[in-house]
Every structure is written in C-alpha cells, then in structure tokens.
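Reconstruct the complex from the two isolated chains, following the hints.
Going down the list, the sequences are from chains H and G.
The opening residue of the first sequence carries number 1 in the working numbering; numbering runs sequentially from there.
The opening residue of the second sequence carries number 286 in the working numbering; numbering runs sequentially from there.
Hints in this document: simulated from the structure, not taken from any laboratory.
It is possible that part of the hints are untrue.
Said to hold, decoys possible - Distance condition first, Cα-Cα at most 25 angstroms in a straight line; then the derived DSS-like pairs of lysine-lysine:
(1) 138/H <-> 350/G
(2) 619/G <-> 561/G
(3) 536/G <-> 625/G
(4) 99/H <-> 138/H
(5) 350/G <-> 169/H
(6) 142/H <-> 99/H
(7) 351/G <-> 171/H
(8) 350/G <-> 171/H
(9) 561/G <-> 142/H
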Amino acid sequence: MQTLTPARRKELELKANDVRQGIIRSLVAAGSGHSAGPLDMSDVFAALYGYLMRHDPERPEWPDRDRLLLSCGHIAPVRYSAMANFGYFPVEELLTLRKFGSRLQGHPERVSLPSVETTSGPLGEGLAQGVGMALGAKMDDKDFRVWVVTSDAEHQCGLHWEAVMTAAKFKLDNLTCIIDRNFIQIDGSTEDIMPLEPLGEKYRAFNWEVFECDGNDVADFVAAAQRAQEVTGKPQVIVANTVPGKGVSYMEGDYTWHGKPPNAQQAEEALRELSAQRERILADA
Amino acid sequence: MHSGTNVLDGAAAAMHLADYRAADIKQVPTRNGFGEGLIEAGNRNRDVIGICADLSESTRFEGFKKAHPSQYVEIGVAEQLLVAMAGGLASVGKIPWIASYAMFNPGRSWEQVRTIMALNETNVKIAGAHAGVSVGPDGATHQAIEDIAIMRVIPHMTVVVPCDSEQTKKATIALSERWGPTYLRFGREKSAVFTTGKTPFEVGVAQTLRKGGDVAIVACGILVYNALIAADQLAREDGIECRVVNNHTIKPMDQPAIVDAARACGAVVTVEEHQKHAGMGSRVAEILAQTFPVPIEFIGVEDRFGQSGDPVELIEYYGMGVGAIKDAARRAHKRKNASKD
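Excised from the complex, chain G in its bound form (with noise of 0.2 angstroms):
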C-alpha cells in the first residue's frame, strides 16, 4: 500500500503540485487569483471589461482598473443592475466581468441572472467573491453558502470553484476565452496555494490529485487543501488510502470522473464551503444514484447559517476541518465494507 510519504509521487507529480505538506506553504486569497487573471484576460481581448458595484479592493478590480481604465465601469451599490446592464454590454460584443460579494451578486439578483443571462444567453461573467463561512468576522449576512445551490440549477451556467489563487487565476483566463453565461466563486482569505504555473487546468475536467482506492474524497474550492492533509493522515492513521479530487467545475460536471472515482474506491466523500443541500456535493449523489451508487459522505453546513468568528474557526465549527473530513473518510469506508458482508 502506498504510504503517502512523498507528495510528489504519482498524481501530484502528474499535476504538477507545490509540496502541501510543507509548513511553509504559500498563503495567498484566491480573489488576488481573480484579480491577476483579469488583467491578463483584458490584455488578451479589449473587449474584456470590468463592471464594479463598490468593491473595488475586496473583489481586486484595483489592479484591472489600472491596467485597462477604458475597460472599466464603475456603478456603485446596484447588483440587480450589475447583471442587466452587463447583459446589455455582453449583447453588443462586450465581455463583462461582474464583481461583487457572491452573497449580492448573484444572491440579491437571481432573477436577471436566470432570465437575462441564462435564458436570453448573454455571456456576462459573475465573479462571486467573498464565499463561504471563511468570510470570518463579517458574519451570516455575508456569508454566502447558498450561491452553489441558485447557480448550479439555472440552465446554460457554467459554475467553477477553483481550489487556491494559482487556479482562480487560470480559471478566469479560461472562462474570458469560454463562451456562455458563468459563475466563478472564490473567497477572502488566505488560503494553501498548492497548484503550480504547470498545473493544467481546463474547465469542466476534473484532477486527479491524490491516488488512493479506498475512499474518493471529491472536494472544490479551498477546502480541497483541507481534503489533501486529511487524505495523508488517513494514511498513515488507519492505512486508508483516498483517491482526492479536485471537483472544480460543478456544471457541466466531470460526470466520468466521479463515475470512475465511485467504480475505483468504491464510497466517496464530497467536501464542500456550502450548505449540503442542493451544492457540488449534491450534484455527485445525483450522478452517481444514477450511474454507480456507493455510500456518500456528505461534508459542508448542516441547513444553518453561519456567524462572525475567525475563518479557521468557523470552517472547523461547522464540520469542514481535516478532523471532519477524516471522520467522513472513515465511515463511508465502513459503510462500503458493511455492505460488502
């Protein structure tokens, strides 16, 4: 059985990853991710433009407001506007990237993103910032864990939840170059930046990072961090070894993938900053009760809201830590081996 000793065999090698073992690792927020592909997708296409609703530092417009000012439109505190207006500028060959809280944005304006992005099909991008309880002392207010849910259902939408600043940054490269209405989530805080410039990224294909047979553990956003510490201690605890996926883009999602994650491991854990109702999690149990039914774990907030408190603490309050995961990792393994008997 392989130990899980050196990270950068196998799968991670595949993918190019940074040591996540490391102490050290580098922190950086996954919005500076948005911020840095932003300027590069507006120098690639001028046709790129930002549209801002008053948030310019926290959603990191500042730098593409430097670099590209022609391209850059500023409307104040108006999210329902935000999305109408970019409709109108996507329909006359604009690309606009709409930046606000994803609590507002597409929380306050789900309905012009149902009816002006998705059905009349416009090709305005939402960049959901400051998602998730790891929004920290802000509190419930503005703490979206809901957004995966009212976006994963319109039809049309593309969502993708990178995993560190480094994918986030790829990730809005390659959704500028992609046509179709879009949702892109990301968070405030620092987080494990494990994937490197060589790490590929394509939407809508999962990762592979992590080897394993026993258990899958299929997680996005930054919490894959989490899943990868979890999936080496597990290892080494209890000799269970965990296949771990980084299940970026939940619509269109990798369905082979998570099929062939279930055939391999046999039970799978999904890990995910969001309410377990309806999120990426969800949208795996409704693929595989169809495909390859295996006992799924479920990690995420259990149908509550979230409160102010530290970022690390709240992911461990409500149930998202390493400890959480391992436990999970742990009873979907007994309950495969149960129904084996």
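Here chain H stands alone, though its shape is the one from the complex (with noise of 0.2 angstroms):
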C-alpha cells in the first residue's frame, strides 16, 4: 500500500483549504444554503478528488471512471468546490451557486451537471443508487469502485439500511461508503434526536467492513479508504469523524450552522481564517 508522502499530504491539504474558501465565497454569494457539513467534508473531498479516484476532469462521462454520489446532497457546495478546484469547471462558477439558471442547484441535479452523478437531497437514497452502479459493475466485469457519501442524519432513513443489506448479500467489494460521523442535524445532535450510535458495530453486524479514521486529516482518511480497498467480499464503510464547521472556528462544533450560510462579515471573518491556516499549511515542512 501507497503512503501518503509528505508532499502529497501538503498538496492535499491546501486543495482542502481552497475548498474550503470556495464554500464560503459561494454560500455568501447564494445567501442560503448549508455551512457545517460542506466545511467538514472538505478534507474527504480532497483526498477523493486529488488522491483516491480514478477520474478525469477532461472526459467527464468516461466510462470506467470511479462513481462518486453525494447521498447527502444538501452538503453540495464542498462537492461543488472539489470540483471546481479539480478542472471541472471555472472556480468562478461557484459564485452561481443556487442561482436562476446555474448549473449549481441547491441540492444536486445530474441533468444539469451530469459529473454530479445522481440528482440529490431527499436523504437516504444514495447508497441504494450506489448498489446499482457497483452490482452493474459487477455484471459487467468492470472495475471502477462506487463511493457513496452520506451524512450521520441520514442513517435514521429505512431505505439506507435496506441498501446495506442489499451491498453485503451481492458482496459489493467495489462500495465504498463514508459517513460524515459529525453528530449534528438540523434539530440538534443526532444522539439526543435518535441515536445512531454504536453505528460501526451496526454495519459489522450487517456484514460490512468497518473503517473509522478522523475525517478532518487527510492522511488518516486515505489511509482508511486504502485498507478499505482491499477488503475484498465485502462492502465497506468508513466512519469519518469530523467536526462540524472545520476550520471556521465560530462555526465549529455549533449544530445551530448545519443550514445556514455566513452573512458577508462573518464570511470574511471565515476567509482571514482559512488564510490564515493556508499560509500555515505553506510553513510547515
């Protein structure tokens, strides 16, 4: 198994700050819109975009691609800044985001923007669309892997878990599913509005391979979603913990910012931190 080398983790690590900051220039500018997840998720996206699957940002609708669905599709501004940090469109369409006649439409829609994968936003739903692609796959004797994203909040949905079984008894080793592990959703923590936990212990019992890493470090992320592609027979999950907000330190941790976007001087504030930390990232060796 590859390592990340520190150059790599670098490099990583500043695509995630530059997704970072086009989520917060992209929220502004649409006025609504979520703020905790997209941020949280910013460092899976990069290792996904910049390390992990074979795409092409030149040939979109290549067939062997990797599948990545955002099961989760209100947290669309970090795949959306991925994206756009990775080639697939100018970083300056991000400022249409939720706008009359964008191809970024608040919660993903394929037809409009078919490199999105699946349309999105009713919760629950992207695993089973994941099981589709990875048993076609297999049908077909073709090896692209399926990852599936999915938020913490969506696995209180029936059909989620009818996925799940689905996965393991087709033996879905080319499915990869990571959950943005942050405890928050709309109302409140996902603990006190219906618990989820011991969630690993769940998909174990299901037949599932089970990951945990931190969510927020790009390396113990790769890692996981490496020894993850080894596994083979089984479906796996990786629990990314991740702390809602990541990197906007006012937002961290605070449930109340799982829907809304920052107003223009809190954007700002966000912006000076998250160049801040750039430029950290830049003098660490």
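Take a look at the structure:
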C-alpha cells in the first residue's frame, strides 16, 4: 500500500483549504445553503478528487471512472467547490450557486451537471443507487469503484439500511460508503434526536467491513480508504469523524450552522481564518 | 345506421381484433403478457434486467428468471430500494424492469420514482401489477386505484395501461426499446383477450376499436372490453352508436385522437379502473376543456377505497360494469342533445 508522502499530504491540505474558501464564497453569494457539513467534508473531498479516485475532469463521461455519489445532497457546496478546484469547471462559477439558471442547483442535479452522477437531496437514497451502480459494474466485469458519501443523520432513513443489506448480499467489494460523522442534524445532536450509536457495530452486523478515521485529517482518511479498497468480498464503510464547520472557529461544533450561510461580515472573518490556515500549511516543513 | 351485428367490420377488422362478443373468448391475466414480453425483451437485449421484490410468481417474473438468470436480481421486500437501485443500474447502462404490486411500487416508492427516475431521467421501467379493485379478495390495502394519478403528474414519465394480455406483451417489448422512465400498469385476474398478434401497438397512439358517431367511449385497461360490449348493446337497445377508443397511453396522451373523438361524437365517456379523480378521464377532460369542450361522463371509483370481494362483483359494485358504462353513455348522449336545443 502506498502511503501519502509529506508532499502529497501538504498538497491535499492546501486543496482542502481551497475547497473551504470556495464553499464560503459560494455560500455568501448564494445567501442560503448549508455551512457546517460542507466545511467538515472538505478534507475527504480533497482526498477523493486529489488522490483516491480514478477520474478525469477532461472526460467526465469516461465509462470506467470511479463513481462518487453525494447522498446527502444538501452539502453540495463542498462537492461543487471540490469539482471546481479539481478542474471540472471554473472556480468563478461557484458564485452562481443556487441562482436562477445555474448548473449548481441548491441540491445537485445530474441532468444539469452530469458529473455529480446522481440527483440528490432527499436523504437516504444515495447508497441504494450506489448499490445499483456497483452491481452493474460486477455484471459487466467493470473495475470502477463506487464511493458514496453519506451524512450520519440520514442513517435514520429506512431505505439506507435496505441498501446496506443488499450490498452485503451481493458482496459488493467495489462499493465504499463514507459517513460524515459530525453528530449534528438540523434539530440538534444525532444522539438526542435519534441515537445512531453504535454505528460501526450496526454495519458489522450487516456483514460490512468497518473502518474509522479522523475525517479532518487527509492522511488518516486516505489510509482508511486504502485499507477499504483492499477488502474483497464485502462492501466497506468508513466512519469519518468530523468536526462540523471545521476550519471556521465560530462554526465549529455548533449545530445551528447546519443549514445557514455566513453573512458578508462572517464570511470575511471565515476567509481570514482560512487564509491564515493556508499560510500555516505552507510554512509547515 | 351501423347495427354492430358483425364485429369484424370496420374499425375492429382494421385492428385485427378477435371476435370479442364470443362467449368463449380466451381469458388470460394481463400480467401473463408482461411475463412473456419481458422474456422476449431480454432475448433482444441482454442489458434488460429484472429486479424482483419478493413477488416473482405474482408479477410473472418466473419465466424471465428461468430464461435469463444472469439478468435477474432478487432484493426482497424493499420497494424504495427497488427504484433507487434500478436508478443506479440504469445509470451504468442497464434497462431495469422493477416489478411489485402497484400499491407498493409506485405506491410506497413515489418520492424515489420522482427524484431518481424522473428528475434524474433514468431509463427505469416500473411494472405495476395487481392494479385496480379487480385484485379482488386481497382487499383495499392491495387495490391500487390512485397509481395513474400519482404517475401521470410526474414530468418525463410515460404511463401505459394496456387492454389485455396480448397488448401487455407488446407494450412490455415496446417500452423496453423506448428510452425513458416508464410506468406499465396491469392486473391480476383473467380478462378477455380481444386483440391479436396482428393488432398494432404503438406507445402514445390511441386505437379506435369501434366506429360510431353518437358518443365516444374512451377507455383503458381491461375495462376496454366492457366498453366494447356496452357499445354493442347500446347500438342494439338504444340505437346509440359509440366510438370506442382504447386510450392505452395515458402519458403522453394521444391528444389528436381524443379531440377527434370529441369532434366526431360530441360527447365522451371515459372508463378506467381507477379513482375518477386525477386519472385517465381527468386528463381527457383537461385536454377537451382547452380544445373542444363536450359533455363528459366519468366511469371509475368515486373517491372511496375498495374492499374484499370477487373481481367481477367489485367492478360492478364500484360502478365500472357494462351497465354503468351504458348508463353513462346515455347520460352523455342526452346532455349533448340537450345542449343543442
């Protein structure tokens, strides 16, 4: 297994920082949208697009590309920002988020932007579609991988668990589910609203291979994802522990930032913090 | 005036219908046509797959399972998964047919149908079995009579309700070869097979099965047969000549055929095994209200649920039998003439 070199790690951390800055800029331009989830998944998306996935922004319809599904469509700003920062479209387009006529719909729509792979937003539906894609790949002897990013709270949906059961039945080792385990949902803490723990144990009981990592540490996430890719005969889940709002101090850990954007002044402060973080990453040996 | 004594004259002959008035007309469930059509569709294209939610015998998946085992997937009792997983398979090039009872799919899975099939534009085909009150003894929980409404309202959706098993077979093959999210609705019980191998079928093209200029009976599903019988009896008993239109494609509906029938007859009766609200007849009314308003009578279930019973008994009780169609045609005819005064 290839480990992340310090240089690649720094590169991914810088990309994650770019992704975060793009999220803040797009949200403040949109005037609505979700902040906490996109920020906390920036490291995971930077690692996926920048290191783990087989993809080519020049050939978004490449049949053998890995499929990345964002099940929790409300954190679309992180995906859009990652796609822009990895060459799928100009970074300036991020400022059209949620605006009339934009390809960057409030929740992702495949028909307007095919590289998002699925139309998502209604929760609990991504893994089931990923199961279909992974099974289709098996039927046709294709070797692409299906990555499905899910929120923790959407594990309260029944359909998600139908898909968990099915992935195990068909031994879909080409399917990796990533959980944004930030413990928040719109109305508060997941463990108050509808407890999910023990989450990893639930997947083990459904015959999945379970990995856990710090979802805000690109190297730790990459290591978990690499171990997941070596599993045969079983689907894998990576419980990525994240801090909601990661990177913006006044948002971190505060569930009230789940579904609102920063105002202009708050955005300025957030960008100042993120720029300072960028300087620190660059300064690190 | 045409007496209707020889049914193979005119429109019926042009449509190569069997003698639908014969007492011993062949009776086959429409679901059998789906099963046969799917095997043929799977022969023609190996990307056609079947996904079954624990109802392989009822939905007539068994033949496909035997003929095409590598194209067949079983997922258990999980109708939301059925749609979502099919969406994933379709997006990597498969043509999935997903079958359950219409009450559960699209009944239970409607939001997945809207988001994953229609908004996301995937080539998924739903087979809604056991539709209508004619499911019989299973009772109201299993009698889908709202499914046409919830499917026809979704953009991009094709909705087809064939009239007998032969047409269901043709529709299954045709829809497999036609791109787009699709709903095919059929029933459980045996019903008269009055179309033949030679009867044409094209999605979106309504069929005139009987000529007549007094009232147009626009019907879909197994009740097209009742409409034909009612039309013959009305000709004999009242001298009212009904045009009978098999309006099998509810979306996209054959608007010119509907307007033409209204112009030619000046009065319309719609016939469907579904709630009157928001079904096929409602769509006919929407079209005619904007193009050629004429008196319309609706045959269907009047804003209530079904119950256990014998299928024929239930069709009669809920006002969809031959007698009810005749009464509706008489009312429509009377309203037309009254409006001329």
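message: Under the constraints set out in the numbered hints, which ones does this structure not fulfil?
response: 3, 4, 6, 9
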